[in-house]
Amino acid sequence: MSSTRRTLLAAGLAAAGTVALGAAAPALAQTRRKLRFGVGPLLPTAEDTKKAYMPFFAHLAKELNADFELFATTDWAGMAVAMGAGQLDLAWMGPWGYIIANNGTGCTALATVKYDEKPFYHAIVIGKPDLKVAKFPDDTKGLKMSFADVGSTSGWLIPTWYAKEVWKIDPKSFWKYTEGATHAANEMAVQAGQADMATDFDRNRNAMIESGRVKPGSNKILWTSDPLPNDAIVVPKGTAPAVVAQIQKVLTAITVEQAKTLLPAHYTGFVKADHAAYASIEKAGIAVGKIKPKA
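Here the sequence shown is numbered in numbering that gives the first Met the number 0, starting from 0 and rising by one per residue.
For the record, the hints were derived by calculation from the structure and aren't laboratory data. Among these hints, one or two may not hold up.
Lysine-lysine pairs mimicking DSS-like chemistry, simulated, CA-CA at most 27 Å apart [to be verified]:
#1 K131 - K175
#2 K175 - K289
#3 K289 - K143
#4 K175 - K127
#5 K236 - K49
#6 K143 - K175
#7 K143 - K171
#8 K33 - K117
#9 K49 - K248
#10 K271 - K236
#11 K131 - K143
#12 K259 - K291
#13 K61 - K49
#14 K127 - K214
#15 K50 - K61
#16 K236 - K293
#17 K167 - K140
#18 K259 - K33
#19 K167 - K143
#20 K175 - K134
#21 K289 - K167
#22 K291 - K167
#23 K259 - K49
#24 K134 - K167
#25 K219 - K127
#26 K117 - K271
#27 K117 - K49
#28 K282 - K293
#29 K289 - K163
Label-pair restraints from in silico Cβ distances [as the list claims (entries may be wrong)]:
#30 K175 - T254: 44 to 50 Å
#31 K271 - K171: 25 to 31 Å
#32 D137 - V249: 45 to 51 Å
#33 R212 - G105: 33 to 39 Å
#34 Y176 - D66: 44 to 50 Å
#35 D137 - V287: 17 to 23 Å
#36 P240 - K171: 40 to 46 Å
The C-beta atom is built at its ideal place from N, Cα and C for all residues, glycine as well.
Input sequences plus hints: build the corresponding full structure.
Written as structure tokens, this is what we have:
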């Protein structure tokens with residue numbers, strides 16, 4: 000997302016003129032307000048994402064006795080900008096996008112989504128099915144590699160951290176490197192032969208295969224990261240503790256059966272979380288020089 004588009008997003012959110020959660024906590028159960036919810040690029044298009052996640056946000060708003068408006072960004076950095084600008088009351092954010100926003104504004108995670116009952120996932124590198132790679136990344140030098148946008152945890156931050164701290168390579172010189180793609184675009188690029196390899200995350204690959212957007216044999220997994228915390232539900236700094244607790248209660252009460260109607264396939268509910276749950280992501284961000292340690 001360009002800086003102009005991010006500015007327009009922030010302006011549009013500001014025009015909504017709603018009251019932040021923390022500012023109206025005592026009236027939460029008495030006064031219907033319009034809350035501004037945000038969600039990042041979890042599916043190929045913003046409209047796909049809004050359609051898939053609308054039932055969840057509608058349920059949350061109903062339980063909070065509020066009306067709502069849902070905004071979807073086209074990259075993870077855009078979601079961090081929107082939260083950082085104070086234009087959202089609550090957001091579904093990728094782990095890295097959350098850390099970026101937290102580092103700048105002090106917003107905080109209050110829950111982590113479960114996928115197949117697990118609150119974690121993995122970054123992956125996919126490659127064309129005919130690639131012969133006995134050792135990654137050693138056997139891939141000089142190949143075309145597509146990283147996702149710099150706001151992506153699995154598509155940019157984690158592989159960049161591994162390159163610096165574990166593989167000891169410079170991605171931009173080791174590979175024919177590009178960055179900035181969506182995860183869906185990365186999957187499609189490998190399938191079409193436009194890239195030899197690309198970054199992604201296991202949840203997305205599974206979803207695209209199940210939906211028929213990607214053929215099962217169109218790529219193979221060349222590398223898998225250690226477990227990473229799943230996406231966070233985030234509220235701005237200053238949100239009243241009572242409101243945080245109320246939202247956590249609503250989210251953790253969602254059963255596996257309810258999740259089938261409220262959330263996209265495989266998501267099964269939420270667990271309580273706080274900033275410490277994302278410490279490994281924060282550490283990686285500091286290591287690659289994208290954020291500074293807090294004083």
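Results of checking the hints against the structure:
Taken as a hint, the K131 and K175 pair is honoured in the structure, with Cα atoms around 17 Å apart against an allowance of 27 Å. In summary, the hint linking K175 to K289 is supported, as the alpha carbons are separated by about 22 Å, within the 27 Å threshold. With a CA separation close to 24 Å, the supplied pair K289 and K143 stays within the 27 Å bound. With a C-alpha separation of about 15 Å, the suggested pair K175 and K127 falls inside the 27 Å cut-off, and the hint holds.
At most 27 Å may separate the alpha-carbon atoms for a hinted pair to count; K236 and K49 meet this at roughly 25 Å. Proximity of K143 to K175 is assessed by CA-CA distance (about 5 Å); at most 27 Å being required, the pair is judged to hold. Distance check on the hinted pair: K143 and K171 sit about 10 Å apart at the alpha-carbon level, within 27 Å; holds. Taking the CA atoms of K33 and K117, the gap is near 32 Å; set against the 27 Å cutoff, the hint is violated.
Simply put, K49 and K248 have alpha-carbon atoms about 24 Å apart, close enough for the 27 Å limit, and the pair holds. With a CA separation close to 17 Å, the supplied pair K271 and K236 stays within the 27 Å bound. Of the pairs offered as hints, the one joining K131 and K143 holds, with about 14 Å between alpha carbons and a cut-off of 27 Å not exceeded. Taking the CA atoms of K259 and K291, the gap is near 40 Å; set against the 27 Å cutoff, the hint is violated.
At most 27 Å may separate the alpha-carbon atoms for a hinted pair to count; K61 and K49 meet this at roughly 17 Å. With a CA separation close to 12 Å, the supplied pair K127 and K214 stays within the 27 Å bound. At most 27 Å may separate the alpha-carbon atoms for a hinted pair to count; K50 and K61 meet this at roughly 17 Å. Straight-line distance between C-alpha atoms of K236 and K293 comes to about 15 Å, which keeps the hinted pair within the 27 Å bound.
Proximity of K167 to K140 is assessed by CA-CA distance (about 13 Å); at most 27 Å being required, the pair is judged to hold. Between K259 and K33 the alpha-carbon distance is near 26 Å, which keeps this suggested pair within the 27 Å criterion. For the suggested pair K167 and K143, the alpha carbons sit about 18 Å apart, so the restraint of at most 27 Å is met. Among the hinted pairs, K175 with K134 is consistent with the structure: their alpha-carbon atoms are about 18 Å apart, no more than 27 Å.
As the CA atoms of K289 and K167 are separated by approximately 18 Å, the hinted pair is consistent with the 27 Å bound. Straight-line distance between C-alpha atoms of K291 and K167 comes to about 22 Å, which keeps the hinted pair within the 27 Å bound. The hinted pair formed by K259 and K49 meets the criterion: a straight-line CA distance of about 17 Å does not exceed 27 Å. The suggested pairing of K134 with K167 holds, with an alpha-carbon distance near 14 Å, which does not exceed 27 Å.
Simply put, K219 and K127 have alpha-carbon atoms about 6 Å apart, close enough for the 27 Å limit, and the pair holds. This hinted pair checks out: K117 and K271 have alpha carbons roughly 13 Å apart, not beyond 27 Å. Between the alpha carbons of K117 and K49 the distance comes to roughly 23 Å, so the proposed pair stays at or under 27 Å and holds. Annotation: proposed proximity of K282 to K293 holds, straight-line Cα distance about 11 Å (limit 27 Å).
Between K289 and K163 the alpha-carbon distance is near 13 Å, which keeps this suggested pair within the 27 Å criterion. In this structure the supplied range 44 to 50 Å holds for K175 paired with T254, their Cβ-Cβ distance being about 47 Å. Separated by about 39 Å at the C-beta atoms, K271 and K171 break the suggested range of 25 to 31 Å. Between D137 and V249 the beta carbons are some 48 Å apart, a value that agrees with the proposed interval 45 to 51 Å.
Taking the beta carbon of each, R212 and G105 are about 38 Å apart, inside 33 to 39 Å as hinted. Remark: the range hint 44 to 50 Å for Y176 to D66 is upheld by a beta-carbon distance near 45 Å. Hint check: D137 to V287, Cβ distance near 21 Å, so the stated range 17 to 23 Å holds. Evaluation of the 40 to 46 Å hint for P240 and K171 yields a pass: the beta carbon distance comes to about 44 Å.
Of the numbered hints listed earlier, those contradicted by the structure are 8, 12 and 31.
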